[in-house]
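Work out the full structure: start from the sequences and follow the hints.
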Amino acid sequence: MALTERQRTILNTVTARYIGTGIPVSSKEVATVTGLGVSSSTVRNEFALLEEQGYLTHPHTSAGRIPTDLGYREFVDYLMSEMPTRLEASSKG
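So for the sequence shown, numbering that gives the first Met the number 0 puts the first residue at 0; every next one is plus one.
Treat the hints as calculated values from the structure; they're not laboratory data. Virtual Cβ for every residue (Gly too), placed ideally from N, Cα, C. A portion of the hints provided could be inaccurate.
[Unchecked claim] Pairwise CB distance ranges (calculated): (1) Val-32 to Ser-61: 31 to 39 Å; (2) Gly-36 to Asp-68: 25 to 33 Å; (3) Leu-69 to Gly-21: 18 to 26 Å; (4) Met-82 to Asn-44: 28 to 36 Å; (5) Thr-60 to Glu-81: 17 to 25 Å; (6) Thr-20 to Asn-44: 35 to 43 Å; (7) Arg-43 to Ala-1: 28 to 36 Å; (8) Glu-50 to Val-75: 15 to 23 Å; (9) Leu-78 to Gly-21: 17 to 25 Å; (10) Ala-1 to Thr-33: 17 to 25 Å.
Have a look at this one:
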């Protein structure tokens, strides 16, 4: 099943923040930093879907989420797809 744009944004946010801090990422944090204009409850619903699809997991009950190997792969694919766009923009500047 393909990810929605919102799910991709949430997954990329969780992955980037987890890489940066090593701390599981909460739904409140994601709701605040993404600018999606959704509640932490909506983010938790998306977390559940991303867990069902194998992109996220959580170390224990009521913990924030962390990416799985599949989540990391999706994040790398996203970064690689963005790289040509960023290189083109920097070469024009």
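How the hints compare with the structure:
Hint check: Val-32 to Ser-61, Cβ distance near 20 Å, so the stated range 31 to 39 Å is violated. Checked against the hint of 25 to 33 Å, the pair Gly-36 and Asp-68 passes, with Cβ atoms roughly 30 Å apart. Checked against the hint of 18 to 26 Å, the pair Leu-69 and Gly-21 passes, with Cβ atoms roughly 19 Å apart. In this structure the supplied range 28 to 36 Å holds for Met-82 paired with Asn-44, their Cβ-Cβ distance being about 31 Å.
For the hinted restraint 17 to 25 Å between Thr-60 and Glu-81, the CB-CB distance of approximately 35 Å leaves it violated. Range check, Thr-20 to Asn-44: Cβ separation about 24 Å, and the 35 to 43 Å hint is violated. Between Arg-43 and Ala-1 the C-beta distance comes to about 21 Å, which lies outside the given range of 28 to 36 Å. The supplied range of 15 to 23 Å is met by Glu-50 and Val-75, whose beta-carbon atoms lie about 20 Å from each other.
Checked against the hint of 17 to 25 Å, the C-beta distance between Leu-78 and Gly-21 comes to roughly 19 Å, which is consistent with it. Checking the proposed 17 to 25 Å range against Ala-1 and Thr-33 shows it holds: the Cβ atoms sit about 19 Å from each other.
Figure legend: structure checked against the earlier numbered hints; hints not met, in rising order: 1, 5, 6 and 7.
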